[in-house]
Amino acid sequence: MTFFPRLMVSIYNGLLRLYPRKFREEFRGEMQGVFVSAVKEAVRTGTRALLQLLFFEMLDFPINLAIEHFSQWRKVWSMKDIRHEIRPFRSAAMGALGLFIGLLIVLLGTKYLYLVLPSWLFKPDFGILYTLRGMILSALTYALASALLGLMLCLSVSASSRITLRACFFMAGLEVVATLIGTAIVRFTPYQSFILSFDGNWQDVTPALGTAFLAMIDGLFTGAGLGLAAGGWKFCWRFALNGMLAYFLGFAIGETIYSLWISSGWWIWGTTYPVFVITFCICGILAGGILGWLWGKERVYKSIRVVEGNPGSFRV
Amino acid sequence: MKVAKPDDFQPLSEMTLYILVSLAPCPLHGYAIAKKVRALSEERVILSVSTLYTILKRLLEDGWIERVGEDAEPDESGHPRKTYALTECGQRILAAEKTRLHSLLAIVEKQTIGEGI
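If you read the sequences in order, they're chains A and B.
Under my numbering, read the first sequence as residues 1 to 316, first letter to last.
Under my numbering, read the second sequence as residues 1 to 117, first letter to last.
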């Protein structure tokens, strides 16, 4: 083959890498062979045949590529072949670190999101319109924050487990939806005001408790989403309860330390929220981990078994 | 649960029909299928490699065709040539499509007799 047909074959071989892994494993070799045969025959026939081949392939390739990717995603969403394996606890350290960094970035990032939004969005103007806009913005901002948090959470979980990439994105998607719903409810201003006025007395005694109770609803949805994705409906409520308790403890301790930090008088401007976030992250992860270990060990992971031929890994 | 019948898959797309027809007499490998489809359709249907394998994958998943082995002679890139054949299900679907096309043709002929069409 001359230079141009050889170049065509090389480019085509490269393009085949864009197919989903499963499809590649099954058909890539055959497709390469068929393409080489087609190119050789076109070379023998003439330039017109070669250009025709190139035209048809380039026209069809992106469409078929999209069809295959769509078909893979459809399989993920239909949950037909989601398999997940959980590594031993000691192997989860990297995942925990990833989660910690993710939480820091997302929480800090979204906290200061309003600084980069146009200021006219927040300027008081016409009474009820301003209130409505504030409510919607508030709900959307916190929902976005939690959705990102959910995404980070699931991607971090995937780092500490042998969850397939498709299952990981499925989990992330579920988590995002679950947290969006949960947070939109919790952060929606009228509901929040109702809760805050209801527990106004508590705040005089323990300011952290009100927020911690609110956070429980975040935790409920977060846990439910994760449980649903990781183990199906069977584990949904257990993860939900664990999430609720972890969020409660995380927020309660985090908010308390935050209050103490402010009242200590020696805090530096700009450090209060990071202190809260770090405390929340550490307490939430510790609380969730301990709770999960205490009662999840016996109940949730009862059906975990060692995967044959793959020592050190487990499958739910 | 509803059990699918061959009629449920009709009408077949032109490319799918050509692939099934090309495999009806004997098993073929990918490149031979593409060439035969081109010949059967008198150069009208030209299957690109990506389209051919997208359809073959679907037909394999649906159980209409199956892999029956490998050619002794490897292809131009050195990979073994896998051959495909119609399954019993594929044969039933092809037969149902043939019946449908026959009846369609009969209707067309009946309606156009004496019309000079």
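Treat the hints with care, as some may be off.
[Unchecked claim] Below 30 Å or equal to it, Euclidean Cα-Cα: the simulated DSS-like pairs (lysine-lysine) are: (1) B/K35 with B/K110; (2) B/K57 with B/K110; (3) B/K57 with A/K22; (4) B/K98 with A/K40; (5) B/K35 with A/K22.
Quick caveat, the hints were computed from the structure, so don't treat them as lab data.
Since we're looking at a predicted model, the values are computed, not measured.
Evaluated hints:
no. : hint              : verdict
1   : B/K35 with B/K110 : violated (35 Å)
2   : B/K57 with B/K110 : violated (39 Å)
3   : B/K57 with A/K22  : holds (11 Å)
4   : B/K98 with A/K40  : violated (35 Å)
5   : B/K35 with A/K22  : holds (26 Å)
Going down the numbered hints, you'll see the structure goes against 1, 2, 4, while the others check out.
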